[in-house]
Structures are given as C-alpha cells and as structure tokens.
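Engineer: Take a look at the letters that make up each chain.
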Amino acid sequence: MNWTKVERPLFTLLIGVVLAGAMLVSLEWPVRASIIILVLGAIGSALIIVQLVVDIKSAGKSSQALTMEAPAVKTDSRWGTLEIWSWIAAFFAAIHLVGFLAAVPLFVFSYTKTYGGGWLLSAALGALAGGFVYSLFNVLLHVPWPTPLIVSLIS
Amino acid sequence: MKSRLPYHLSASLAVVSLALGVNLGPTRAEGGDPYYAGKTVKILVSSSPGGGTDAAARVVARFLPKYIPGNPQTIIQNMPGGGGTIANNYFYANAKADGLWLFQDSSAGLGNFSRGGSHINYDPRENLAVGSITRGGSLMMISKAAKPRLTDPKAKKVVVGDSDGIRTWVSTLVWAAEYLGWNVRFVYGYPGTQELQLALRQGEIDVWGTSNAKLVRGLMKEGKHEILFQHEDDRRPGFKEVPTFVEVLGDKKPKGASWEAYLAWSGPNEIDKFLIAPRGTPDNIMATLRQAFVQMAKDEEFKQQATNFFGDAWRTRTGKKTQLMIREVTTISKEAEDFLTKIRKKYGLPTGEQRR
Amino acid sequence: MLEAAIEGLQSILTPYSLAMMSLGVFIGSLVGFLPGIGGPTTLAIMLPFVMVMKDPVTVIALLVGMDAVGNTASAFPSILISVPGSAGSQATILDGYPMAKRGEAARALSASFMASLVGGIVGPLILLASLPILRPLVLAFSSPEFFVLTLWGLAMVGVLSGNAPVKGLIAGILGVFIATVGLDMKSGIERFAFGEPYLWEGISLIIVALGIFGVPECIDLASRKSSIAERHELGSGFKEGILDVFRNLWLTIRSSAIGIWVGFLPGLGSSVADWFAYAHTIQTEKNTENFGKGDVRGVIAPEASNNAKEAGSYIPTLAFGIPGGTSTALILVAFTAVGINPGPDMLTTQLNFTFAIIWTLAIANIIAVAFCMAFVKPIAKCCFLPFYTIVPLILVFVFIGAFAAHFNHYDLLALLVFSALGFMMRRHGWPRAPLLLGVVLGTKMELYLWLSYTRYGVEWLLRPGVVILFILLLASVFYPIWQGRRGGVSRAAEAM
Chain A
1 MNWTKVERPL FTLLIGVVLA GAMLVSLEWP VRASIIILVL GAIGSALIIV QLVVDIKSAG
61 KSSQALTMEA PAVKTDSRWG TLEIWSWIAA FFAAIHLVGF LAAVPLFVFS YTKTYGGGWL
121 LSAALGALAG GFVYSLFNVL LHVPWPTPLI VSLIS
Chain B
1 MKSRLPYHLS ASLAVVSLAL GVNLGPTRAE GGDPYYAGKT VKILVSSSPG GGTDAAARVV
61 ARFLPKYIPG NPQTIIQNMP GGGGTIANNY FYANAKADGL WLFQDSSAGL GNFSRGGSHI
121 NYDPRENLAV GSITRGGSLM MISKAAKPRL TDPKAKKVVV GDSDGIRTWV STLVWAAEYL
181 GWNVRFVYGY PGTQELQLAL RQGEIDVWGT SNAKLVRGLM KEGKHEILFQ HEDDRRPGFK
241 EVPTFVEVLG DKKPKGASWE AYLAWSGPNE IDKFLIAPRG TPDNIMATLR QAFVQMAKDE
301 EFKQQATNFF GDAWRTRTGK KTQLMIREVT TISKEAEDFL TKIRKKYGLP TGEQRR
Chain C
1 MLEAAIEGLQ SILTPYSLAM MSLGVFIGSL VGFLPGIGGP TTLAIMLPFV MVMKDPVTVI
61 ALLVGMDAVG NTASAFPSIL ISVPGSAGSQ ATILDGYPMA KRGEAARALS ASFMASLVGG
121 IVGPLILLAS LPILRPLVLA FSSPEFFVLT LWGLAMVGVL SGNAPVKGLI AGILGVFIAT
181 VGLDMKSGIE RFAFGEPYLW EGISLIIVAL GIFGVPECID LASRKSSIAE RHELGSGFKE
241 GILDVFRNLW LTIRSSAIGI WVGFLPGLGS SVADWFAYAH TIQTEKNTEN FGKGDVRGVI
301 APEASNNAKE AGSYIPTLAF GIPGGTSTAL ILVAFTAVGI NPGPDMLTTQ LNFTFAIIWT
361 LAIANIIAVA FCMAFVKPIA KCCFLPFYTI VPLILVFVFI GAFAAHFNHY DLLALLVFSA
421 LGFMMRRHGW PRAPLLLGVV LGTKMELYLW LSYTRYGVEW LLRPGVVILF ILLLASVFYP
481 IWQGRRGGVS RAAEAM
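Chains as they are written, first to last, in the numbering used here: chain A, 1 to 155; chain B, 1 to 356; chain C, 1 to 496.
If we strip away everything but chain A, and leave its shape as in the complex, we get (with noise of 0.2 Å):
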C-alpha cells in the first residue's frame, strides 16, 4: 500500500483540526482577542477542505513538485528518515537525562562512529562539540543549567 497516499490527506486534516481546535478555545476569549483567530481560522478551513479535495483527488500522483522550494524528501530505503528521527529523539533524551554538557560530546561521538568515522574523529568531534557548548554557555554565558534528571534522581 502506498503510504504516502493516506498520509497527505491526514497531515492536511490534522491541520484542519489544529485550525478548528484553536478556533474553540478562541471562542471563550473576549472579540478583542479572538477576532484574528476566528476571522483567519474560518478562511484557512474553507482552504482546508479545498486542499482536503485536492489531496484525495490527486492521490496515487506522487507529490507535485513546488516551484518555491526544494523538491521533497526522497528517501531511498524505507527507513530513512525513521533512523534519524531516533537519533533526534534519543539526543533529545539524552539531555533530560544527562545534561547539555554529557550529552552534546556523547552524541555527536555516537553518531559520527556509528556511521562510519574513526575513533580518532569521531573523539576530536565529540570533544570538539563538548567543548565549544562548555566555553560558551559556561564560560561566556553562565547559563544556569536546568538539573538533568539523573542528578536529581541520586541526590
């Protein structure tokens, strides 16, 4: 089955819904504040539904190619794009758990060696990494560090 086919429909739905969903909540505002977000929200939805019409007719045709951008992602294993959302997402965690500090050397280190860099760069750009965040959120900035979830779990 092609995925892609269901996809586009949806992704243009769920922004329907997001459209719809902040038009409801707008409603308990006074008119001053929510004029913008009814007045906009209810043209956007007519689009929604233009657009809704579009997708499920043109669906099957790979996506048109826009003139104002880059042509779409392609990926060329079916994976793709799910292997490096993992990384986002485990770097992402990474931070909560350990900190900006651990966590920036850690997965630049990780990424660099799993895909194919040596020990020695894939250390130099960890460290590299690590140690510019240091110098300037440390050093330079003194940016108070939020408690990674590590710390506060031991202490």
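Quick caveat, the hints were computed from the structure, so don't treat them as lab data.
A couple of the hints might just be wrong.
Stretch-level coverage of chain B by chain C, calculated; a stretch enters the list once three of its residues show a Cβ under 8 Å from a Cβ in chain C [to be verified]:
hint, region
1, 68-80
2, 138-147
For lysine-lysine, the following DSS-like pairs were computed, each having C-alpha atoms within a straight-line distance of at most 27 Å [stated by the list, open to error]:
hint, chain 1, residue 1, chain 2, residue 2
3, C, K186, B, K345
4, B, K345, B, K154
5, B, K334, B, K157
6, B, K342, C, K186
7, B, K342, B, K253
8, B, K303, B, K66
9, B, K303, C, K225
10, C, K186, B, K334
11, C, K54, B, K157
12, A, K5, C, K225
13, C, K225, B, K66
14, C, K186, B, K346
15, C, K381, A, K113
We treat Cβ as the ideally placed atom computed from N, Cα and C, and that holds for glycine.
Please arrange chains B and C on chain A, whose structure you already have, making use of the hints.
Structural biologist: Frame of chain A, contents of chains B and C only:
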C-alpha cells in the same frame, strides 16, 4: 507586557557583568574568606534590555558588588513579559534563598499583584527588599494643541496612550476623568516606550506619562508639548513649577474606597525600581546586601551614571523602607478592590480577574 | 556639517578606534555565525565592559561596528546547512541552500558577502542623504500606516507560495496562529498558553525557524547519507559570485533601499527586511522559474537588504533617540552611560558622533566582508564533508540555538514539535516560508489594526498615507500578474 522582541532575543539573555575583578573594591572582610568571595550573584530583570528597569539592574550589577565583602561576580538575566508577571512567578517559585539570587522588579509587578488574576503566582510582600531606586514621579505630558480639549466636553476626546493600560500613572487620568470631568479616553496596546514616544510626537496620542526626566526634557525642547502635572507627593526638584496631581484635584479629591483604590493603583509608582532577595534569605546576608546598597548610593561614579540614565531627580531608598512601602501599597480592602475594577471597566481598561 | 563629517571620520580612523572596530566586527561575525546567539545577546554581554570606557568614539566603533555586521557572517549557516544564522538571513536559505547542494556554495557565499558589502555601504549613504528629512520621515508613519505595511508583508505569502497557493495561505494562517500564543496586551488574557508560563511570552521565532528549515534539511541529509553538495567541485564559483552582484547591481541597490526602509520603521522588526527584499525580487525580476531552486538573485537580495537595514534602524535613533530595535536599544544604554546624549542633540551639538556612527557602519561592513571572504573557500568545503561528521554538528548547533531562546527544556520540546511540522510540510509539498512570514507579521498586524481602530475608528482608512500605501500594495501584487499576462499576449502574438 507582551513583548515580541526581534528574533534571537525573544527572552532571556544571561550576561556576565564586568563587576568581576575590575571593581575589586576596598571591602574585604578580615580573617577568612567572606561568604561572597568567588561567588556569582544572578540578577533577574523583569523587563527586556534597554528599558528603565534594565538600566537600573545594570547600574546596580556594576556597583553593588564593589561594596559586598568578597566582591562577587554578577550576571543579569532578562525575563520580560506579562508586565513582570513571568519573572515574578519564576523568581517566587525557583529562587534559592542563598543570597545569590536577586531580582530587579518595577512598580508594575506590584500593580499586577494588587489587581490579581489566576496567573499571579507570587506574593511580593514575602520577598525581602535590598533597596530601591526612584526616578521621581511620572510627568504627564500633553500636546499643546490638544490641551484646550481637555476641559471642553463637546470637543473630541483627548487620547491617552499606554502599553497595557495598567501603568501606575494611568490612574491619575482615570481619576481626573471621574472627578474633574476631563475629556479623555484611553488607547493602549503599544508595544513599548519607543512606540509611545513616537505616537506622542505624531499626534496619534495626546497624553503620555513617564518618570524619565531626560525623555521629558528632550520632548520639551521640541516645543510641541507641555507638562500637565506630576504624579508625586511633593514637586520634583527641577520641576518646581509643575503642580502635583493632588494639587490639581484640589477639593475634588474623593474619600473612602475611591481614594484607597486610587492609592492601591498609583502607590507602587513611588517605589519604582526595586531590588529584592527571595523570602527566607538569611538575616546576615540581607544585612550585608542592604548595607552594600546604602554604600553604593554614596559612590560618586554610581551617582554620575544614575544621573546619566535617570536624569537628576533620582534617589535611592533603603531596603527596610522599600519593604514597608511594598507592604503598604499591596494591601487593599475588598471594597476598594471592587471600586478599582468598576472604574477600570468604566473607562474601557482591561480588568483581569478578581483575586479571591 | 562638512566639518562634523570630517571630524567624525578622523575620530574613527585612529589606530585605536580601528582596532576596536575590528574587534567588534570579529565578535559580530562570530555571533552572526551562531544561530540563536544574536546581536542583542552579545551586546548585553559587552555592556558592562563598555560602560566603564571613557571615550565615546571607542564605544561607537566597538558596538556599532559589531552590530552593523551581525547579518553578514550569518549567511554561512543559512547557505551551507540551511540553518538561519540570524534574523536577517532566513530568506537567504530559500535559494542559498539549493545552491550549496548543487555544489555552488562558494558562489552563493561570495555573492552574499558582496551583496552585504553593497548594502552595507548604500545603507549609510542613504542614511546620510536623509539626515535633513529624518524627522518628518519618521513621523509620517503612524499605526494605520504600519498596519498597511504588515498587510503588504502578508500579501507576500502569495508570492512565497509558488504553485501551491492554497497550502501557502493555510501555512500563513497557521503562522499567524502560532504568533498569537502568549499574553495578549489589549485584553489582558493569555492565548493558547493553557496556564503554562513558558508560553506566556509567545513562541520564539528562532525556534520556529530552526525547526521549520534547519531540522528537515538535516534529516534529508542524514537520510541521503552523502555530503551536502551533490557535486564535488568548488569550481570558479568564488569569482562568479562576486560578478553576479555586479550583473544584478540595480537589484542589489533596490534591495538595499528596501532594507533601509524596513529598518527605519521601528514597528516592523528586524526579521522582515530579507523577506520584503526576496518577495520584491520575485515580483520584479524576469525569468523567475528558478527561484527556490538556487537562483543567485535570491541570495543577493536578502543579504543586501539585511545589511542596509542596520543603517536604517539608526534613523529613529538619530532623529529622536528612539531605538529602532533591541540591538539599538542596548547600544543606546551604552551611549547614555558614556555620556552621548541620544536624541535631538545628535543632529546639533553631537553631530560629530552621528557621523562617527555613519562612518563606522560603512567601514565595519568593509572589514567584515573582507574577513568573511577570506573564509569562503575553507568553510565552503564543509559541503563536501561526509554526512556523519556534519549531521551531528548541525543538530548540536540547532539544539543550542533553540535552547538559547530561554535556557529551558521546553525550548527543545518546541523545537521538536516544529521540526516535525517542518518535516511533514516538506514531505508533502507545503511551502514553509509563508508560515514563517505569518509568525513574523501576524501579531504586528493584529496590534496595529487594534491601535488604528481604537484610536481613529474607521477614519484611518482615509488617511493619505494609508491610501498611498494601499495603492502601492495593490500595484505590487497586480503588477507581476499584469506583466505576466502581457507577456503571454505578446508571446501568443508572436506565435501567430
């Protein structure tokens, strides 16, 4: 205030102050390292960089460490938004009472508290004041062309401009409209002081108030505006010819709940820019900080720079005095509170929810 | 006047001032290079250092120099990795990154810096020329005029949507919705914040931009498992890029003028100039079919305008002491501390300082461009690096940039949300630029409409400024259509 700052600065900037090292001052406690030696004090600021509150914080960040034994470093972190509500909530919930967290707030934070609402999750009466810098009461400017319309009920209404309709000086014009019958209406929503200054010059608004004597003098030079009155108990030095608002009210000055409501709204103005430490900060640390603030106020260089920023009418107040005043202006009876809501509604100003 | 001009130049040309200016340019370039860490952050860091300086000219050289070039080096990340280095370099991505992918990174970069140079010099020149009319110029724009200008900006959604106008409009509307998140000043309520303090100040534009543009391209790169550039040669692109600017000199100058114009309107904000210039280019140039796919004109226009804009933002500052943006607000703090009196005096007793500022704007741009040009070739080579070295660094870059918005975990969460949105939009052929434009202009439009209405009722519609701007707006929207039709007619005639 909803500030939509250009891009990267959307909110917080953390900043190392030069107070590190360069200002190695004379005060080193004898025997043993003082508490503040090698430490960093973070000063949270309730507004975006560049305004009066920010300027106050920056001057303090530069000169206060000089008089704290141990000469700590200082970092400034701006947290604008919601007329100081965001920073106030954050500070109240997160600040540690170790003397390393300070907060530079302005009168708006007190006014917001008095008006209440579900998003107010702080109590300014519990914080401990280190000291305050007052720039003198607001000066109300009016365009000369619009002035005759002020007392002529048949003329087009005189337009008062403000950012969010809750600045303390707005109270004076509301009470003037109510008790002197002034022919005014309120337009608010301007993003900030810059836009308001521009709008006043363009004639989009006719009346605007600010404590910044420097700004006022700049405007006066252009010759199209004059000062209506000053929002102050006693006439400011340098503006001796300008009447105070109470003088303008004269025998029309109301009593009871109305006046109490007026004071609750306008009172915080007098405190202006105040520096606080979180509740629970140990007494000895508070004493050190408060004393440093007093000493700083006598520093010649500090005085010079404060004058550069605030004009010549500024003065400082001690921590204890500031503390008392904060308590005073944030305590309001139910009756006065209701009056406040009613009169704000009457003049089309945003009311927020009632505090329960 | 001439005396003051010469005096200003002399004070700037001392070795010490020049050294300070170079330092400022160096810091400004470095900062422009880093997404999220922008001019205002750096200025805030530097303030305490400059507040103790004694010589006002040194402060001008350092700070104005730094501020003037913040949008020059930002073209590096925009073009090379599709991550906007600063507010002014968002539109540069649209054509710059496709060029890099085609192996033309060096050309795109040198064209961008050359355009920056032209913008950086034309800007101060126009500022100079407008000194006598500064005040009436600034006063000509009130809330109603600002409202029409924001409408004009939003009309560009059509231009930026290409052949997907419906999706583009929806994206623009979604952008406006995103912009409304936070405390609303005119009603005192919170919109779409759901009681969450993080959302009160609204969603940071940088996070939206990083998520919408930066991450999806990085995902693309990681999935292709190759280098950014599909062809592995640097070629003669460097010289070609410089020549491109001269071939399109008239466009470059027009874009600079747009930059100045946006810059001096304090209500529009710093992130609009590049979009205005980009849309203007598409509307007025011929042979537009390659825009968005790597047309060098799409790089030249935004980069010329964002440098000229800095000069423009000094117009309200010099005329009234009103800062044109956050950067200038902080610079004014420093000026005040060292005894320069921003405001009316700048045009009378302190005219020499005014000229020192104008000279610094021009000279700093020359230094910055020379500096960046020297790095084009080595840095452009990063397009040929294997993906496994560049992908993790881009992601770290993007995460840091987002985190710098509030130093809060929610920043990263927001980044993920917008990354997913940008990814899906890219995957299903939704134009992303209109969304960003909606975020940039949405609440401004709302605010100025509110102010216009509460202040003037419906009378504001008849103000001469509004009428003139509205006619210009309609002309700018319909002129390309009319031209296109005429072109079609003449082509049809030829065919017969």
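Engineer: Hint by hint, note whether the structure agrees.
Structural biologist: Hint check results:
| no. | hint | verdict |
| --- | --- | --- |
| 1 | 68-80 | holds (count 3) |
| 2 | 138-147 | violated (count 0) |
| 3 | C:K186 <-> B:K345 | 13 Å, holds |
| 4 | B:K345 <-> B:K154 | 23 Å, holds |
| 5 | B:K334 <-> B:K157 | 32 Å, violated |
| 6 | B:K342 <-> C:K186 | 18 Å, holds |
| 7 | B:K342 <-> B:K253 | 18 Å, holds |
| 8 | B:K303 <-> B:K66 | 14 Å, holds |
| 9 | B:K303 <-> C:K225 | 62 Å, violated |
| 10 | C:K186 <-> B:K334 | 26 Å, holds |
| 11 | C:K54 <-> B:K157 | 48 Å, violated |
| 12 | A:K5 <-> C:K225 | 26 Å, holds |
| 13 | C:K225 <-> B:K66 | 56 Å, violated |
| 14 | C:K186 <-> B:K346 | 16 Å, holds |
| 15 | C:K381 <-> A:K113 | 21 Å, holds |
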